[in-house]
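2 protein chains.
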Amino acid sequence: MTETPQHLYEKHADTLARALTAIAERGYWSAYPESPSPRVYGETAAADGEAAFRAYLGGLFPLDQPGTNGQVATEASPFGVELGVTYPHSDVDALIAAATAALPAWRDAGPQARTGVCMEILARLHAHVFELANAVQFTTGQAFVMAFQAGGAHALDRALEALAYAYAEMTRHPGKAEWEKPAGKGDPLRMTKTFHVVPRGVALVVGCNTFPTWNSYPGLFASLATGNPVIVKPHPRAVLPLAVTVKYAREVLAEAGFDPNLVLLAAETPGEGLASTLALRPEVKIIDFTGSTAYGDWLEANARQAAVYTEKAGVNTIVVDSTDDFAGMCRNIGFSLTLYSGQMCTTPQNILVPSGGIGTDQGHKTFDEVAAGIAGVVGKLTGDPARAVELTGAIVNDGVLDRLEEVKSVGEPVLESRVVAHPAYEGAVVRTPAVVKLSADADQIYGREWFGPISFVIGTDSTAQSLDIFRATVGERGALTAGVYSTDEKVLDAAEAAALDTGVHLSCNLTGGVFVNQSAAFSDFHASGANPAANAALTDGAYVASRFRIVQSRRHL
Amino acid sequence: MTETPQHLYEKHADTLARALTAIAERGYWSAYPESPSPRVYGETAAADGEAAFRAYLGGLFPLDQPGTNGQVATEASPFGVELGVTYPHSDVDALIAAATAALPAWRDAGPQARTGVCMEILARLHAHVFELANAVQFTTGQAFVMAFQAGGAHALDRALEALAYAYAEMTRHPGKAEWEKPAGKGDPLRMTKTFHVVPRGVALVVGCNTFPTWNSYPGLFASLATGNPVIVKPHPRAVLPLAVTVKYAREVLAEAGFDPNLVLLAAETPGEGLASTLALRPEVKIIDFTGSTAYGDWLEANARQAAVYTEKAGVNTIVVDSTDDFAGMCRNIGFSLTLYSGQMCTTPQNILVPSGGIGTDQGHKTFDEVAAGIAGVVGKLTGDPARAVELTGAIVNDGVLDRLEEVKSVGEPVLESRVVAHPAYEGAVVRTPAVVKLSADADQIYGREWFGPISFVIGTDSTAQSLDIFRATVGERGALTAGVYSTDEKVLDAAEAAALDTGVHLSCNLTGGVFVNQSAAFSDFHASGANPAANAALTDGAYVASRFRIVQSRRHL
Numbered sequence: 001m002t003e004t005p006q007h008l009y010e011k012h013a014d015t016l017a018r019a020l021t022a023i024a025e026r027g028y029w030s031a032y033p034e035s036p037s038p039r040v041y042g043e044t045a046a047a048d049g050e051a052a053f054r055a056y057l058g059g060l061f062p063l064d065q066p067g068t069n070g071q072v073a074t075e076a077s078p079f080g081v082e083l084g085v086t087y088p089h090s091d092v093d094a095l096i097a098a099a100t101a102a103l104p105a106w107r108d109a110g111p112q113a114r115t116g117v118c119m120e121i122l123a124r125l126h127a128h129v130f131e132l133a134n135a136v137q138f139t140t141g142q143a144f145v146m147a148f149q150a151g152g153a154h155a156l157d158r159a160l161e162a163l164a165y166a167y168a169e170m171t172r173h174p175g176k177a178e179w180e181k182p183a184g185k186g187d188p189l190r191m192t193k194t195f196h197v198v199p200r201g202v203a204l205v206v207g208c209n210t211f212p213t214w215n216s217y218p219g220l221f222a223s224l225a226t227g228n229p230v231i232v233k234p235h236p237r238a239v240l241p242l243a244v245t246v247k248y249a250r251e252v253l254a255e256a257g258f259d260p261n262l263v264l265l266a267a268e269t270p271g272e273g274l275a276s277t278l279a280l281r282p283e284v285k286i287i288d289f290t291g292s293t294a295y296g297d298w299l300e301a302n303a304r305q306a307a308v309y310t311e312k313a314g315v316n317t318i319v320v321d322s323t324d325d326f327a328g329m330c331r332n333i334g335f336s337l338t339l340y341s342g343q344m345c346t347t348p349q350n351i352l353v354p355s356g357g358i359g360t361d362q363g364h365k366t367f368d369e370v371a372a373g374i375a376g377v378v379g380k381l382t383g384d385p386a387r388a389v390e391l392t393g394a395i396v397n398d399g400v401l402d403r404l405e406e407v408k409s410v411g412e413p414v415l416e417s418r419v420v421a422h423p424a425y426e427g428a429v430v431r432t433p434a435v436v437k438l439s440a441d442a443d444q445i446y447g448r449e450w451f452g453p454i455s456f457v458i459g460t461d462s463t464a465q466s467l468d469i470f471r472a473t474v475g476e477r478g479a480l481t482a483g484v485y486s487t488d489e490k491v492l493d494a495a496e497a498a499a500l501d502t503g504v505h506l507s508c509n510l511t512g513g514v515f516v517n518q519s520a521a522f523s524d525f526h527a528s529g530a531n532p533a534a535n536a537a538l539t540d541g542a543y544v545a546s547r548f549r550i551v552q553s554r555r556h557l
Numbered sequence: 001m002t003e004t005p006q007h008l009y010e011k012h013a014d015t016l017a018r019a020l021t022a023i024a025e026r027g028y029w030s031a032y033p034e035s036p037s038p039r040v041y042g043e044t045a046a047a048d049g050e051a052a053f054r055a056y057l058g059g060l061f062p063l064d065q066p067g068t069n070g071q072v073a074t075e076a077s078p079f080g081v082e083l084g085v086t087y088p089h090s091d092v093d094a095l096i097a098a099a100t101a102a103l104p105a106w107r108d109a110g111p112q113a114r115t116g117v118c119m120e121i122l123a124r125l126h127a128h129v130f131e132l133a134n135a136v137q138f139t140t141g142q143a144f145v146m147a148f149q150a151g152g153a154h155a156l157d158r159a160l161e162a163l164a165y166a167y168a169e170m171t172r173h174p175g176k177a178e179w180e181k182p183a184g185k186g187d188p189l190r191m192t193k194t195f196h197v198v199p200r201g202v203a204l205v206v207g208c209n210t211f212p213t214w215n216s217y218p219g220l221f222a223s224l225a226t227g228n229p230v231i232v233k234p235h236p237r238a239v240l241p242l243a244v245t246v247k248y249a250r251e252v253l254a255e256a257g258f259d260p261n262l263v264l265l266a267a268e269t270p271g272e273g274l275a276s277t278l279a280l281r282p283e284v285k286i287i288d289f290t291g292s293t294a295y296g297d298w299l300e301a302n303a304r305q306a307a308v309y310t311e312k313a314g315v316n317t318i319v320v321d322s323t324d325d326f327a328g329m330c331r332n333i334g335f336s337l338t339l340y341s342g343q344m345c346t347t348p349q350n351i352l353v354p355s356g357g358i359g360t361d362q363g364h365k366t367f368d369e370v371a372a373g374i375a376g377v378v379g380k381l382t383g384d385p386a387r388a389v390e391l392t393g394a395i396v397n398d399g400v401l402d403r404l405e406e407v408k409s410v411g412e413p414v415l416e417s418r419v420v421a422h423p424a425y426e427g428a429v430v431r432t433p434a435v436v437k438l439s440a441d442a443d444q445i446y447g448r449e450w451f452g453p454i455s456f457v458i459g460t461d462s463t464a465q466s467l468d469i470f471r472a473t474v475g476e477r478g479a480l481t482a483g484v485y486s487t488d489e490k491v492l493d494a495a496e497a498a499a500l501d502t503g504v505h506l507s508c509n510l511t512g513g514v515f516v517n518q519s520a521a522f523s524d525f526h527a528s529g530a531n532p533a534a535n536a537a538l539t540d541g542a543y544v545a546s547r548f549r550i551v552q553s554r555r556h557l
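Heads up: the sequence lines are chains A and B, in that order. 1 is the number of the first residue of the first sequence in the numbering used here; add one for each residue after it. 1 is the number of the first residue of the second sequence in the numbering used here; add one for each residue after it.
Note that these hints are calculated values from the structure, not bench results. Some hints could be false.
Unchecked claim - Below, a list of computed lysine-lysine pairs in the DSSO-like style, where the Cα atoms sit at most 27 Å apart:
id, chain 1, residue 1, chain 2, residue 2
1, B, Lys176, B, Lys247
2, B, Lys11, B, Lys247
3, B, Lys185, A, Lys380
4, B, Lys176, A, Lys490
5, A, Lys11, A, Lys176
6, B, Lys408, B, Lys380
7, B, Lys176, A, Lys176
8, B, Lys185, B, Lys11
9, A, Lys185, B, Lys176
10, A, Lys437, A, Lys408
11, A, Lys181, A, Lys11
12, B, Lys437, B, Lys408
Said to hold, decoys possible - A few chain A residues facing chain B, derived, Cβ under 10 Å:
id, residue
13, Ile23
14, Tyr28
15, Tyr32
16, Pro36
17, Phe195
18, Thr269
19, Glu272
20, Trp298
21, Leu401
22, Glu496
23, Gln552
As the list claims (entries may be wrong) - One side only, chain A facing chain B, incomplete, derived with CB under 7 Å:
id, residue
24, Thr15
25, Arg18
26, Arg331
27, Phe335
28, Ser439
29, Gly529
30, Arg549
Glycine included, each C-beta is placed from N, C-alpha and C at the ideal position.
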């Protein structure tokens, strides 16, 4: 059972090498199969994972952490399933002390050992991917396949991607170097130099409600691999996926001979504000956060002792100028709006269309025809409840329902949100997307994020004005994704120029099986750090390089 | 005369490749010979450079910049030489506007073109290295050889090192990638992805008085290479070295077909506070600063829109436990204290020695004998004025003289600072180092930086206490360098552990021709970013990775 860190490194060396190639090439690659099929994962995997998930329900989550001073249970499933999992609540001082005490041996183990252990944690999580997927599904409201993919396989891919960047950064030069400087006619000066990778301190990961694993894993593994103990503060409504993660991480760490307190769970009581308490601790030197702009900005402004990586709100935008595949365009956009009821941080919100209509392969389409084309796809995808819920999942929390109410008094509906009765889960809160028409002067409405199944088709004077609005809203509020549809290379170039200037990733003419709200690990960058929606990208060199420092010593040979 | 950026890239490709190897190996390498000998640089190089320097004196510095609204002359040479160079003073709005306008074409030129142009700038500066060395000498007070090395050759090496990191970071993956994802029995999904390197915005470099080029070049070239226009705000007393730098940079940029306003000089009137005005501009997204802790902290706290890289004050420390080369140890430490009269940010200040003395190859040495041994070397090196001034140079500014007065009332002098009459420059302000004995409880005195020719030999209970003091002072105030002398591997290990915990680079048992206050480009890291003396290292991956972002676009093949 016990394997040394060096064994673990060697065991996973081929996968690591492939991941290092992938981040250098950024073509297609994936380490963890995204299909939950029994042909891939075995006949019993799905049932075993579900059983493991169900075994947690209504009980105390098994986590042996220091400083436990109570228990918390804060989750309520969007599917209406009674979860009732209770988590240990830990004293903040005890968490910080335990993390701090675990640091030196982990630091001194070096990059290879740490990376080997982290890869083993990923392998362990992958062995329990159905358990994770169930935990993600029932806390976030994602449909199962999405929970399996985004919350399981893709989250692991992003974790491995971050790990590969971290390993590459730590090992871009050797741990020891000899230095020999010619000294004229005398003997050369000769020294040996040791370069230590030194972590920043305790790392804090603040998880979000919708993507507890996908959005947390890159920071968690980037920090851990670079030597920093990690305290994971999950969203109170999505604790289980990260509790499961922490459990298996601790298991692997202990088996490898390290202090399991290198990964700790910080579950909070309602209204406790535990993230803020932790974030302001002087020992906390790295923070990864996904969530609201207000809180992300607060962290950046106040957690001054830490390197703070935030992903916040944005106004994702599509510019529609023309298309040679009108049906494909509507299908593609409509699917993007429907997936997880628009509750992805990458879902398009503003669809800018000239009021005079657009040219298409089906001839001229009026503005209303474009809006109706997109809305029609959403309507079709959500028409049959059984099929609908496999795309939409359920509504993650009441904030989304409040916005669906609020949007009723705004603009002119193209498609109204409907309540769908979930065929399997009676208590599930399911809503279909609303599509609303707005005019270009309604920037007070479309100029901010309406997180959830809400999007606006906005009539503009021209594509030129669409691009102006794109620049203005994305420049001011940020965006994680942008799209453009045009048959005119000049328009595509202008959109690309606007995307560069506002620092947002652009998808051009998506009409097939790739969607603007999906990014592929090892190839697509998620967020850019170049606009207000995020101050960093997942995952690139900048995302990992400041999580450690190099401290050298030198002596004469 | 005009060469395309691609030509420039190819012209310097071999040097760049060698620099990339050097940063990966971190052994010995240098691109710019540090010997000012005519055998290296030619018989007329020194005289030509001096003549070019003298031609600037008493005149308006030739710099054709936008928005000039006056002239400033703020320099006073520590050598008492009348400089009288006048610089254009520019309107801040005009500088920002010019830099901003220059950005898009520079961004769009791509990493290779930008790197080629930056390498050509370095080549141009190297062709004028004697001119630069004179400018550094007469503004900073460095002796000529040091000005040539630290201010010329080594500054260029550090610039190239930063450039190599920037190039490596920008090109760690290709500019375009193809992505092909299997899609079951259907056609694979195929996309082409373009990854643009997008600069952060306008960069500001705030120069220091003592090392205007060495400390400014890494940030300047890292920012410029990654696509950011750079505004250079020199210290009012050391404008000329950076004005010369800006002049040649603009010349090369224009020749290569780029807007010369990619590099701008922001000379200030006394008391203008121009650095603060520029630092708070929303367009300024990167700031590099070397100087006081107070101002560095202010920048970090207030220039929140920018990535801020600071090198500040610290308390450099040497722990003396024992030695097998007492004479070599004293020679080495004494030389470090004497060089540039201790006005290096890397000069040791606190020398911790057990009050009961130490074991050496010459038998037991008392605390006083150790202090006298070090002070004796300083005394010998500074005994003959003609030889002294070639090591000490002159005192950079009155702040240093004030501290020399202040230290007279502190502790017990081992060696008093002396006034030396410079044989060549009548008005030169030359002072030899003061060495002062303190007890371990005088932490109110030695616990802060005394920048200049001031060091303390501090009597401790034991080496264990010395290490405790080392941890406490470096942990609280930071340090750029640390040293240890011991014949006991356990003590060396304990010192290395203390260095890791406080994040300071450690030199062990230096007794020969390598000094604790010197770092070699491409091998030694300067600063670590892991203690209060600096929030970043020159130069590593973290130093360059956040100076740009990647913005991608993707479309179906």
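How the hints compare with the structure:
| no. | hint | verdict |
| --- | --- | --- |
| 1 | Lys176/B x Lys247/B | violated (35 Å) |
| 2 | Lys11/B x Lys247/B | holds (22 Å) |
| 3 | Lys185/B x Lys380/A | holds (25 Å) |
| 4 | Lys176/B x Lys490/A | holds (20 Å) |
| 5 | Lys11/A x Lys176/A | holds (24 Å) |
| 6 | Lys408/B x Lys380/B | holds (21 Å) |
| 7 | Lys176/B x Lys176/A | violated (35 Å) |
| 8 | Lys185/B x Lys11/B | violated (50 Å) |
| 9 | Lys185/A x Lys176/B | violated (50 Å) |
| 10 | Lys437/A x Lys408/A | holds (11 Å) |
| 11 | Lys181/A x Lys11/A | violated (39 Å) |
| 12 | Lys437/B x Lys408/B | holds (11 Å) |
| 13 | Ile23 | holds (7 Å) |
| 14 | Tyr28 | holds (5 Å) |
| 15 | Tyr32 | violated (14 Å) |
| 16 | Pro36 | violated (14 Å) |
| 17 | Phe195 | holds (7 Å) |
| 18 | Thr269 | violated (32 Å) |
| 19 | Glu272 | violated (28 Å) |
| 20 | Trp298 | violated (13 Å) |
| 21 | Leu401 | violated (34 Å) |
| 22 | Glu496 | holds (5 Å) |
| 23 | Gln552 | holds (5 Å) |
| 24 | Thr15 | violated (19 Å) |
| 25 | Arg18 | violated (15 Å) |
| 26 | Arg331 | violated (14 Å) |
| 27 | Phe335 | violated (14 Å) |
| 28 | Ser439 | violated (29 Å) |
| 29 | Gly529 | holds (5 Å) |
| 30 | Arg549 | holds (4 Å) |
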